[in-house]
Structure formats: C-alpha cells, structure tokens
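Enquirer: So the chains spell out like this:
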Amino acid sequence: MAGSGTSHLRDGDDVLLRAERVVVEYPMRGSRQRVRAVSDVSLDIGRGETLGLVGESGCGKSTIGRAILQLPRPNAGSVHYDGVELTALSGRRLRAYRRDIQMVFQDPLSSLNPRQQIGEILADPLRVWKHGTPAERERLVADTLEVVGLDPSATLTRRPHQFSGGQCQRISIARCLVLRPGLLICDEPVSALDVSVQAQVLNLLEDMKARYGLSLLFIAHDLAVVKNISDRVAVMYLGKLCEVGAPEKLYQRPAHPYTDLLLRSIPEPDPSRPLPDADLTAGELPSPADPPSGCRFRTRCPRATQLCAEEEPVMRELGVDHHVACHHPLPTSAVPAAAPTPERTPA
Amino acid sequence: MSTDVLPTTRPAGASAGKPRTYTLRARRPYGLWIASAWVLLLVGCAVAADVLPLADPAKPVGRARQVPFHSLAPDQILGTDTYGRSVLSRVIFGARTDLLVTLCACAFGAVLGCLLGLLAGFVKGWADRAVSFLIDTLLALPPIILLIAIATILRPSTWTLTFGLTLLTVPAFARLERGAALSWAERPFVLAARSYGASGLRIAFRQILPNSLLTVITFVPTVIAGLIVAEGSLGFLGLGIPPPAASWGTMIADGRASLRIAPHEVLVPAAVVFLTVLALNTLGEKVRDRLEIRSRTG
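Note that the protein sequences, when read in sequence, are chains A and B.
In this text, residue positions in the first sequence follow UniProt numbering: the first is 1, and each later residue adds one.
In this text, residue positions in the second sequence follow UniProt numbering: the first is 1, and each later residue adds one.
Source of the hints: derived by calculation from the structure; they are not laboratory data.
The model shown is predicted, which means the values in this text are computed figures rather than measured ones.
Please note that a few of the clues may not be correct.
Chain B is nowhere near these chain A residues, computed Cβ spacing over 12 angstroms in every case [said to hold, decoys possible]:
hint, residue
1, 91
2, 102
3, 134
Restraint-style ranges between C-beta atoms, simulated for each label pair [stated by the list, open to error]:
hint, chain 1, residue 1, chain 2, residue 2, range
4, B, 123, A, 131, 38 to 44 angstroms
5, A, 34, B, 43, 27 to 33 angstroms
6, A, 143, B, 126, 40 to 46 angstroms
7, B, 48, A, 129, 50 to 56 angstroms
8, B, 132, A, 28, 45 to 51 angstroms
Quick reminder that beta carbons are idealized off the backbone N, C-alpha and C, glycines included.
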C-alpha cells in the first residue's frame, strides 16, 4: 500500500482543498537520517464535504492535518486551498489564509490556555484580526457559544479546568467558528471523550457543517466513528494512502487488505461472530524510518507476493469514487471482472 | 469526610460495632505559618524602620559592646556594637538594605532571565544556542570571583552590589523559563493560536509567558534566600554596602574582631540571616507544592 499516485484526485471548482504529493520529514534524534512521517500523500476535499482519514497510531494522519496548515510546512508537495498555493505563501499572507483553516485537537483540556478565561480565549482570534469593536467581538463570542450549546453567562468568565472534556471540545469548536473558517481539521476530536459525549460532539460538528457550510477533514483511528460522519473515507498506513472511497463502498466491499483488516478488527457485541484471524492482526507497525520496500503493508499482508516487495502500488480506480493502491485488491462487486487474484498477477 | 466501606470488605472486628469511618485531614502547615510570620515581621520592620522608635543605626547610643538584655531599653535590648551603635536598630535597617538589594536584583534578574529563557525556549534554534552559551558562560565563572571582580572594577555601592547579584540570578531564571517555555510551547492551544494567525510575539507573551511564569515565581523566595547569603559573603569580604550604612553582611564582618569578647555582634545578624533563609526556603517549597497540584488540574 503505499499508495502514491494522484488518480483519485478530482478536478473542478467544487474542490476546496487539494493536497498533492505531500511529504513531511522529521529529523531523527542523534542521526542524520530523517523519518518520512507522510510520504507522497495526495488528497482532496470538496466544498461542504467531509473527508474521514483513518489509520493506526503513528501512520501520519495528524501530520498531514498540520501540513495542510503549514505547521510545519511540508518538505515537498503542494497544498492548494481555494485556488491559492499555501506552500508558496509566508509571513502575514500565510497567517491570513490559515485563519480560513481551523483545527480541533484530541486533548480537550490542553487545547485551551489554562490561564485565560473562556471569553478571552474566544475573543483572541478576533483581536488578532482586529475584527470589529470590543462590543461587537463580545456579541460574536457570546452568539458562537450559544450556537455550540453553551450558556455564555455561565461560560465567559470561567477558566478551562472548570469544564468537562465535552464542554472543552465545544469551546474549541467555538474558537474555530468565530473566524468563520472554510475548512475544519478535526484531529481525533472525540477520541478522548466518553461514548455518550462523543455522539453529542459529532452531532454538533454535523450541525456546524450544515450551518456554516464547512468542509471537514475528520481524522480518527476509529472506523466506526468515521463511517457516519464522512462523505468520503481515506485509509492511511505508514505515511501512505491505501484506499479512498465513499463509506458505503469502502465499508461493505473493502478492496485493500488493510482496510479489510481494520474493518474486521472493529469489535462487535455479538459473541457468535468469529474473532478476527490472529495471523491477520499479528505484527507491529514497521518503523517509518525504515519502511519495507515496495508496498509498505506487505509485511503484514496475507495477499503479499514478490511483486509487492519490488514495486510500489499506485492509486487506481476500481469504480466510481473508489480508488485503491494495491497490486492484489480484494474482489469488489463494482469491478468483478477486473478483480485480480494473487495467482493471476497483472504485471 | 467519612466514607462507608462495603460490608464485604469491612474487617471482622469492625463488623459488630458502628461502621468504621475514615477521616481525611491534611496536616496543619505550621512550618508555612511560622515562615510566613517571620518574613512578614521582617518586611514590616524593614518598611516601617523610619517610624519605629529606633536609634540612628549610624550613631552610638551608649557604651560599646554591651551584651543583649543588659538593659531593656528598646535601643539596647540586643546590645551595642564596637562603636556603641544599637544592634537591634542596625539589624532592622540592615534588613531594609538587604531586602531592597536582593528584591531589586531578583526582579531585574527575573525580567532579564525570563526574556532570555522565553527567547530560547520559544524561538529555539540559533536563539537557544546563543542563550544557552551565555548562561553556560555565566555559570562557569565562580560567583564569588565574579562579584569580587565587579566590586573591584566598579565603586562599591548599593547599585554595584545589585548589579552583581542580578548577574548571579539571570542564569537560574533563564533556565527555568526556557524549560517551562519549551514544554508549554508543545501544547495544542499554542498550535491553535498559530492556526488562527496569532504572531510569534503574541503567542510568546500571551500564551506561553503567563503559564510559564508560574513556575518561575515559585522560585523567587528560594532565589532571594540565596542572594541574602551572597550579600552576606560579600559584606564579610568588605565588598558589600559601604559603611556606615548597615547590612547583615557588613555587621557580621565588623563584629569579627570582637568575636571573643562580644560574640552577639556576629551572632545576632547571623541568626537573623539563618532564620530568614530558612523561612524563605520553606515558603518557596510549600508554595511550589501547592501550585504543582493546581497546575496539574488547571
């Protein structure tokens, strides 16, 4: 899987964000070597669309979210937002574009400055951009708090530690919304919350998306959470994209062996259902500093062949809005004839 | 607060009688109270020295080298020194000099050190290397030699002393602030501030400094305690506040000659220094304990 290639990208005016061949490298401590946290990943998000990005810990999901914001700037590749190339901007112009892309983080409490009151936290983005008079800012902050379901009079003068995780996440979302962004990057926004609160925050995100016409990049490690909220789902493994598709296709007929493995790993409250094959789930994630040759998933893939070690698979179309980067994808109903099997390997 | 224990886990002996209750009570912080009282008393005396019924610390009030309590007159209760000056009056006016010099040095050092530390911890890279080099250089010089050099080059005065002591505190504050800034800069709220377009300066002073300052402030009593000791050593070497002004260090130095016949001349200021340093260190430690718990939840 290693999905390089850009065949899954769409063209047209309704694409809000187009990240192409993005590479993010980090220097390794005590060596000249560099880790490729994100390696040649391309993705796009349409206006008003929610893209779910899933993968296990350390596969580079959050890194790509930050790369879109240019925090840090990607080492290679392009990030096109609303017709502007973000990687070419710097200084004040970049800061001006960043405010159109806002981010919600995993840890609700440490997303908020513990020494500031909620009113100050929410007004700070507006003050940075000298938006309106202090009175107008105050009104906008109070209105936004109400929209995310918090009572302004009980919230404005309190500090973050006086709120629960779910409330903190609502405040974080409100801080994003005061700037009226076009794209919201949600980096595992519900992973640290109780299940009941998770649903509330997910519903809130859906409401906000509809209300403000937002596009969402929803990063998560939980396929079940992503399924309901996403218009499109992208699966990542070890800094590469494996499979992109509409959730109904991807969840019912996964083409990539890794997607299949992830889906079968979702625990179901049904004791009669057989547990996933132990062989399938075995094996650690290889180090991104020393990734396997060819397809990066081959060390854990049941369908791996010699070809997978030699050649990196490229993203290709399986059907309408369903792309996979695999030499031997699982047969899907969409392209029954073209489905290759490991025995008959297409060159 | 009492807690009912589940019946199954109740010890056999306790099951017959009334349910066991557990009391959660914090130990009363007597140490903290005593330390605060001493520091408050000292600061109060130093501030009100002019209004208190005290003799002029530079003028004799009676016969030389009177032992403490030979007379209960307020000026002579702690005895007199070699020149017949009141020891009590000199200790209190000495407290004024000492506290003023150490507080100023601490404040200057804290401002300078925090700015350097913030620069190093937030900007990183070249700034961190430059600041770390400066700190290491300052730390490599033995403090007493540094102070002697400063006192020799510049004329000994209150300001020279303050300048020398400031140089001593800068590395400590810079390191504290650097470490705190490094860890706070990693928090998501800093990333959020970047993503809504806040400038680096705004992030440093509005997001990072207010948080990291808490760590730094808790070390202020400890630093002042160290400075009082440093002032004492300098005064002892004759490089402190020039006479006839009183400071604890110069009092100890002046009393050295008559240590055998009038030990109180040295012992009284030495005891005051000891108690003050102890009180400040206790205070610093307790404040740190409390704030640590709070910063974990907040």
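Enquirer: Work down the list of hints and note, for each, if the structure agrees.
Expert: Going down the list of hints, with the structure as the test:
Consistency note on residue 91 of chain A: stated as away from chain B, yet its beta-carbon is not over 12 angstroms from all of that chain's, at 10 angstroms minimum. Residue-level check failed: residue 102 of chain A sits 6 angstroms from the nearest beta carbon of chain B, not beyond 12 angstroms. With a closest Cβ-Cβ approach of about 16 angstroms to chain B, residue 134 of chain A is found to remain outside the 12 angstroms limit, as its non-interface label requires. One distance hint, 38 to 44 angstroms for the beta-carbon pair residue 123 of chain B and residue 131 of chain A, is violated here, with the actual separation near 28 angstroms.
Taken as a hint, the range 27 to 33 angstroms is violated for the pair residue 34 of chain A and residue 43 of chain B, whose Cβ atoms sit roughly 56 angstroms apart. For residue 143 of chain A and residue 126 of chain B, the Cβ-Cβ distance of about 44 angstroms falls inside the hinted range of 40 to 46 angstroms, so the restraint holds. At roughly 51 angstroms, the beta carbons of residue 48 of chain B and residue 129 of chain A sit within the given window of 50 to 56 angstroms. Between residue 132 of chain B and residue 28 of chain A the beta carbon distance is about 22 angstroms. The supplied range of 45 to 51 angstroms is therefore violated.
Taken one by one, the earlier hints fail for this structure at numbers 1, 2, 4, 5 and 8, listed in ascending order.
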